[in-house]
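Visitor: Residue strings, one per chain:
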Amino acid sequence: MNASSLGEMEHLVMLAILRLGDRAYGIPVIEEVRARTGRRVSRASVYVALRRLEQKGLVTSRLGASTPERGGRAKRYFRLRASALRALRASRAAYVNMWRDYEAILDGV
Amino acid sequence: MRRFHLPAAVRAATLLLPIDQRDAIVGDLIECSVDEWGPSGVRTNSWMSVQCLTIGLGLRATQLRDRVVVEAAREVLDGMRMETTRALRQTLRRPGTLAAALIALAIAAGATAAAGFVVQAVTRIDSRPAITGGLAWVVKP
Numbered sequence: 000m001n002a003s004s005l006g007e008m009e010h011l012v013m014l015a016i017l018r019l020g021d022r023a024y025g026i027p028v029i030e031e032v033r034a035r036t037g038r039r040v041s042r043a044s045v046y047v048a049l050r051r052l053e054q055k056g057l058v059t060s061r062l063g064a065s066t067p068e069r070g071g072r073a074k075r076y077f078r079l080r081a082s083a084l085r086a087l088r089a090s091r092a093a094y095v096n097m098w099r100d101y102e103a104i105l106d107g108v
Numbered sequence: 000m001r002r003f004h005l006p007a008a009v010r011a012a013t014l015l016l017p018i019d020q021r022d023a024i025v026g027d028l029i030e031c032s033v034d035e036w037g038p039s040g041v042r043t044n045s046w047m048s049v050q051c052l053t054i055g056l057g058l059r060a061t062q063l064r065d066r067v068v069v070e071a072a073r074e075v076l077d078g079m080r081m082e083t084t085r086a087l088r089q090t091l092r093r094p095g096t097l098a099a100a101l102i103a104l105a106i107a108a109g110a111t112a113a114a115g116f117v118v119q120a121v122t123r124i125d126s127r128p129a130i131t132g133g134l135a136w137v138v139k140p
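Chains A and B, in that order, are what the protein sequence lines are. Under numbering that gives the first Met the number 0, the first residue of the first sequence carries the number 0, and numbering increases by one thereafter. Under numbering that gives the first Met the number 0, the first residue of the second sequence carries the number 0, and numbering increases by one thereafter.
Check before you lean on any hint, since a few could be wrong.
[Stated by the list, open to error] Covered stretches of chain A (in silico footprint by chain B; criterion: 3 or more residues with CB under 8 Å from a CB of chain B, positions within the stretch not fixed):
1) 45 to 58
2) 72 to 79
3) 83 to 91
[Said to hold, decoys possible] Within a straight-line C-alpha distance of at most 25 Å, the following computed SDA-like cross-link-like pairs (lysine to any residue) qualify:
4) LYS55/A - ALA72/B
5) LYS55/A - ILE106/B
6) LYS55/A - LEU15/B
7) LYS55/A - LEU56/B
8) LYS55/A - LEU63/B
9) LYS55/A - GLY115/B
10) LYS55/A - VAL68/B
11) LYS55/A - ASN44/B
12) LYS55/A - LEU17/A
13) LYS55/A - ALA73/A
14) LYS55/A - ASP65/B
15) LYS55/A - ARG73/B
16) LYS55/A - SER90/A
17) LYS55/A - LEU19/A
18) LYS55/A - ARG22/A
[Stated by the list, open to error] The following label-pair restraints were derived from C-beta to C-beta distances:
19) VAL40/A - ARG80/B: 39 to 47 Å
20) VAL40/A - LEU91/B: 55 to 63 Å
21) ALA34/A - GLU82/B: 52 to 60 Å
22) TYR94/A - ASP77/B: 35 to 43 Å
Calculated from the structure, these hints are not laboratory results. Note that the structure is predicted; figures quoted are calculated from it, not measured. All C-beta atoms in this analysis are idealised placements derived from N, C-alpha and C, irrespective of residue type, glycine included.
Produce the complete structure using the sequences and hints provided.
Guide: Laid out in structure tokens, this is it:
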């Protein structure tokens with residue numbers, strides 16, 4: 000699977016994981032994406048993105064301790080790999096290049 | 000830690016989730032459902048079931064798509080690899096055939112080039128302007 004081809008949701012999820020640090024498990028990731036984008040993203044799309052990122056080797060996961068408020072089920076914490084940071088940097092550079100000179104045009108509309 | 004047992008309908012819906020992710024996702028949903036709907040009840044159970052079904056379907060669809068695409072690509076690449084290997088082996092086993100093929104290829108290339116030169120020479124004569132030394136123009140009949 001090509002790690003360089005990032006979908007929009009994968010991009011958002013990686014940024015959420017990066018921002019959350021050690022607290023990055025399913026619920027905070029979903030809330031972070033919803034809060035930052037202002038969109039009502041579905042839980043399914045976030046879990047699918049997390050799965051795909053793991054398959055692409057951009058994200059690793061580990062199980063935490065079981066907690067009573069989760070019915071004794073463990074949290075799965077996600078963490079970005081070095082390749083994910085490289086992919087994010089490359090993606091950002093591409094977006095910045097594509098956006099160059101367009102801000103003024105859009106501001107004038 | 001005592002595990003919270005889910006109602007049968009919700010448990011059935013969780014079966015759609017991949018086994019390696021099931022506990023973590025169900026745990027997330029329990030945590031959310033307590034905040035949104037309370038620890039138990041019809042609304043909690045139906046919300047949990049719908050969430051498990053949508054997440055499970057999404058993950059299964061992704062798995063299926065990956066499997067189909069990857070398998071199809073692998074089949075094509077395997078076929079190409081086998082054909083190339085077979086052709087190379089046969090060529091190496093029979094150097095005479097390789098030499099004949101190369102000679103035939105050279106003759107064909109030479110013949111094509113010669114035919115091209117002839118056609119070019121003929122068309123150049125025919126397309127020469129009627130008045131030499133001047134510009135060519137089109138005369139309407």
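Visitor: Work down the list of hints and note, for each, if the structure agrees.
Guide: Going down the list of hints, with the structure as the test:
{"no.": "1", "hint": "45 to 58", "in the structure": "holds (count 5)"}
{"no.": "2", "hint": "72 to 79", "in the structure": "holds (count 4)"}
{"no.": "3", "hint": "83 to 91", "in the structure": "violated (count 0)"}
{"no.": "4", "hint": "LYS55/A - ALA72/B", "in the structure": "17 Å, holds"}
{"no.": "5", "hint": "LYS55/A - ILE106/B", "in the structure": "51 Å, violated"}
{"no.": "6", "hint": "LYS55/A - LEU15/B", "in the structure": "22 Å, holds"}
{"no.": "7", "hint": "LYS55/A - LEU56/B", "in the structure": "20 Å, holds"}
{"no.": "8", "hint": "LYS55/A - LEU63/B", "in the structure": "16 Å, holds"}
{"no.": "9", "hint": "LYS55/A - GLY115/B", "in the structure": "52 Å, violated"}
{"no.": "10", "hint": "LYS55/A - VAL68/B", "in the structure": "15 Å, holds"}
{"no.": "11", "hint": "LYS55/A - ASN44/B", "in the structure": "34 Å, violated"}
{"no.": "12", "hint": "LYS55/A - LEU17/A", "in the structure": "17 Å, holds"}
{"no.": "13", "hint": "LYS55/A - ALA73/A", "in the structure": "24 Å, holds"}
{"no.": "14", "hint": "LYS55/A - ASP65/B", "in the structure": "12 Å, holds"}
{"no.": "15", "hint": "LYS55/A - ARG73/B", "in the structure": "17 Å, holds"}
{"no.": "16", "hint": "LYS55/A - SER90/A", "in the structure": "16 Å, holds"}
{"no.": "17", "hint": "LYS55/A - LEU19/A", "in the structure": "21 Å, holds"}
{"no.": "18", "hint": "LYS55/A - ARG22/A", "in the structure": "22 Å, holds"}
{"no.": "19", "hint": "VAL40/A - ARG80/B: 39 to 47 Å", "in the structure": "42 Å, holds"}
{"no.": "20", "hint": "VAL40/A - LEU91/B: 55 to 63 Å", "in the structure": "58 Å, holds"}
{"no.": "21", "hint": "ALA34/A - GLU82/B: 52 to 60 Å", "in the structure": "54 Å, holds"}
{"no.": "22", "hint": "TYR94/A - ASP77/B: 35 to 43 Å", "in the structure": "37 Å, holds"}
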